[in-house]
Amino acid sequence: MPGKRPRGLGVPRATRGRGFKRVAAMAVLALAVTACGGGGDDGGGGGASSDEDAGTPTPGGKVIYGLEAETTDGWCLPEAQLAISGIMVTQAMYDTLTRPNAEGEMEPWLAESVEPNEDSSVWTIKLRDGVTFHDGSELTAEVVKNNLDAYRGAYPARSPQLFIFVFQPIESVEVVDPLTVQVNLSQPWVSFDATLHSSGRLGMLAQAQLDDATSCAEQPIGTGPFKFSDWVPNQKLTAERNPDYWATDAAGEQLPYLDEIEFRPIVEEEQRRNALESGEINAMHTSIADTVDEVRTLSEAGEVNDYEPDEFGEVTYLMMNESKPPFDNIKARQALAHAFDFEEANAILNAGIVTQATGPFAPGNIGHLDDSGFPTFDLDEATRLVDEYESETGKDLEFTYSAVNAAATIKQAQLVKEQAEAAGMTVEIVTVDQSTLIDGAISGDFEAQGWRNHPGGDPDLQYNWWKSGSPVNFNKFEDPEIDRLLDEGRTTAEGRDEIYEELNRRFAEEIHNVWLWYTVWSVATAPEVHGVPGEGPTSEDPFPGIASGHPVGYMWVEQ
Amino acid sequence: MPVLLRRLVHLLVVLFFVTLFVALLTSMLPGDPVDAIAGFASEEQKDVLRQDLGLNDPLPVQYGRWISSFVTGDLGNYYSVSGGRPVMDRVTDSLPVSLQLMVYAQVLALVIAIPAGVVTAYRAGSRGDKAANATAFGMLAIPNFALALVLAYYVGVELRWLPVSGYVPPGEDLGEHVRRMIMPAISLAVGQIAVYMRLLRSDMIATLQEDFITMAKAKGVSPRRILWRHALRPSSLTLLTVAGLNIGTLIGGAIIVEVIFSLPGIGTLLYEAISARQYIALQSLVAIIAVGYVLVNFLVDVLYAVLDPRIRHART
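From first to last, the protein sequence lines are chains E and D. For the first sequence, position 129 (counting from the first letter as 1) is numbered 129 according to the working numbering, and the numbering increases by one without interruption. For the second sequence, position 283 (counting from the first letter as 1) is numbered 1283 according to the working numbering, and the numbering increases by one without interruption.
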């Protein structure tokens, strides 16, 4: 069967030189290491592309998937710190109770139904009958209760972190019958089903793994399409087809299609693409603009399939600490927002392929606005605001910008510095390792940083990032209006579009972040590999977003 | 004191100071390991975790605890919120990878540099010698990470002769193992080849001026025999010293080369430990490298005596 070309890739681009110019660029990128905090370059603006006309999936074969990073913490999900690469792996071995459909709305997945009571303060989760974990144990209400308790810090054997805050509204989890769990909340929570998915990372673990005191992180046992085989950190993780997998595709064919999947962390960006081009791996993901651009070129030449949605992405932004000067003063934030010249940043940092962000919600998401009222580039206005700030406070508008010590993030920091200084600000770039950057964010020991966050999905998933007093509200802002809108969006089933659009406009007004551009991830595969991004839970149409990975059970290789 | 015993004492002293220095340095780094492993935990939870991990103890106590475990072969555990994984588990997977890479790079460098050094010394001043020297300078000027990427692109992607990333143990598939180690080994070796060749060349030129060489020539010994049997051995001492000292350079180069070629070696582990503030792991890894470094240089010292009878006789 011949490999099918992906559909439209937006504006055609000239083929780039692939000789010495590229090698020179590779040498620069050699020093760049993966740094999610610093983000760096993001793709976008290319429009959706996929190989959905590839034909009928054929079972068998193997995919070797190049990941941007290793998950050194392992796979004990309640405790693990997972970025996109980790979530990709977990989606192979675990299932979540819910999963989004093409519109981003949640549908039951491992659960048969997930239903709220009238005010959404009690949720009843009915499980599928006959589902077994990879160790042969059954999926029961008791196991699901223990999982939810483990995530929220109420299961003694596990020590979670992030989900303690996320699941704070859970008062208790009860087993109603062997296949029914009831979750009692302290408040109405209309999007609780979205939190049960949590961008694909809230997988259900077998009881044996939950209770494993010594090797919970190394011996994953889920219900997912692939069974864990072997993990050599920094080398590979292999998983074989789960012959007893409970799910079928929309046509009723047994999933997964592949016999085996192998994940290889290849952190050096160029090498990941080289590995794909040389046939050593047959799938990879990326969000580095130069690579996305190269992948587009390869796709136009028919050498790879490129899946690159322009919906449900993340946003790259400048995060400012509002708990101390200068960014406790709105004039300083406004000045920085007006000083940001997107066109220049797009050309210099992003190969000209991204689109400007005006808010935290990328296209496709609830709350997205093409124009939120966020300030546009206006150097005169920025200069005027700097002067106003300085005469008001009697101090120069100066700040430190913390950036991960990697080529892409340093380049971004230098541009920010240049643009801010053109408006009269003084910027000192401080280079740090990624842990220090994140520590600084948590402890509030920073003035400005570059970030990438808020992947597509229900906007309520961002609740803790912006709520006053939350430990992950890194900007340390306390905005009663944002709090009100967050609570309203969480507790009100009707009019959520308007609520989050208002929240978006409030962000633009108060400039809690300087939004830069929307991220577009690309998944590139060999021409004979198909099935990205898969299907929806109950229909052929998949959730298009891949900012937090994508299901791998639908991937297939032409035989 | 016998040489061996003296060297052993030397090793222990070096190990002590290196690990103490690393402990001091890591204690001065900004941030806290607990923030790295439990960033979102409450302050109370973090305090409990610090207590559990012994991070509240004074530095000398922490260091004493670590070194007393290390000398018994216990490399400690990774910091974790629930039962850390032993560092040894990762080291047993990673150490062979790095050792293989460094041995291959060193052997490759010596196999090429020794004949090149001998021939260029013999033909000093010739066009070939000048070309070899120019090439050596060129090789010295190429950073190993840049060479790694160039090789990966041209040899791996354009020509498709060799795989561009990943590792296969020799026991699993020897042929594939060799194929995957060729480019990393070349990337590490190229800079060393230039250094070794230049060193050997200059020492050989000096040796070839010695009286015993003139005597050998007068006796009609063939140039090949003079070069390989009479001149090479006394000219190798500097080369050997530098080859031993270069282990440090190789380790430094291995870190970036391992990352580029996705080799799961000690370099990758070190990078991970630094990034995640895994200080116990970091200290153990540095100590392993220090032990290896001192042992190799001890072996070099022993080899001096083998190569030069004057040293052997002086020691006895």
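For the record, the hints were derived by calculation from the structure and aren't laboratory data. Misleading hints may appear alongside valid ones.
To be verified - DSBU-like mimics (lysine-lysine), calculated; alpha carbons at most 35 Å apart, straight line:
1. E:467 / E:126
2. E:417 / E:467
3. D:1130 / E:324
4. E:476 / E:417
5. D:1130 / E:476
6. E:476 / E:395
7. E:411 / E:395
8. E:395 / E:331
9. E:467 / D:1219
As the structure is a prediction and not an experimental result, all values here were calculated from the model.
- Task: Below or equal to 35 Å on CA atoms is what counts here, so check residue 411 (chain E) against residue 395 (chain E).
- Result: Roughly 28 Å separates the two Cα atoms, so the pair holds.
- Can the restraint linking residue 467 (chain E) and residue 126 (chain E) be considered satisfied, given a maximum Cα separation of 35 Å? holds, 31 Å
- Does residue 1130 (chain D) pair with residue 476 (chain E) here, judged by a C-alpha cut-off of 35 Å? violated, 65 Å
- Item | Restraint status (C-alpha distance of residue 417 (chain E) to residue 467 (chain E) at most 35 Å) | Holds: residue 417 (chain E) and residue 467 (chain E) sit about 29 Å apart, inside 35 Å.
- Message: Tell me if the straight-line CA distance from residue 467 (chain E) to residue 1219 (chain D) falls inside 35 Å.
- Response: With Cα atoms ~92 Å apart, residue 467 (chain E) and residue 1219 (chain D) exceed 35 Å; violated.
- Query: Taking 35 Å as the top limit, are the C-alpha atoms of residue 1130 (chain D) and residue 324 (chain E) close enough?
  - Reply: This hinted pair is violated, its Cα atoms lying about 64 Å apart.
- Message: Given the hinted pair residue 476 (chain E) and residue 395 (chain E), is their Cα-Cα distance within 35 Å?
- Response: holds, 22 Å
- Task: Decide if the proposed pair is consistent with the structure: residue 395 (chain E) and residue 331 (chain E), CA atoms, cutoff 35 Å inclusive.
- Result: holds, 13 Å
- Query: Between residue 476 (chain E) and residue 417 (chain E), is the straight-line Cα distance small enough, at 35 Å or below?
  - Reply: Holds - the C-alpha atoms of residue 417 (chain E) and residue 476 (chain E) are around 23 Å apart, at most 35 Å.
Figure legend: structure checked against the earlier numbered hints; hints not met, in rising order: 3, 5, 9.
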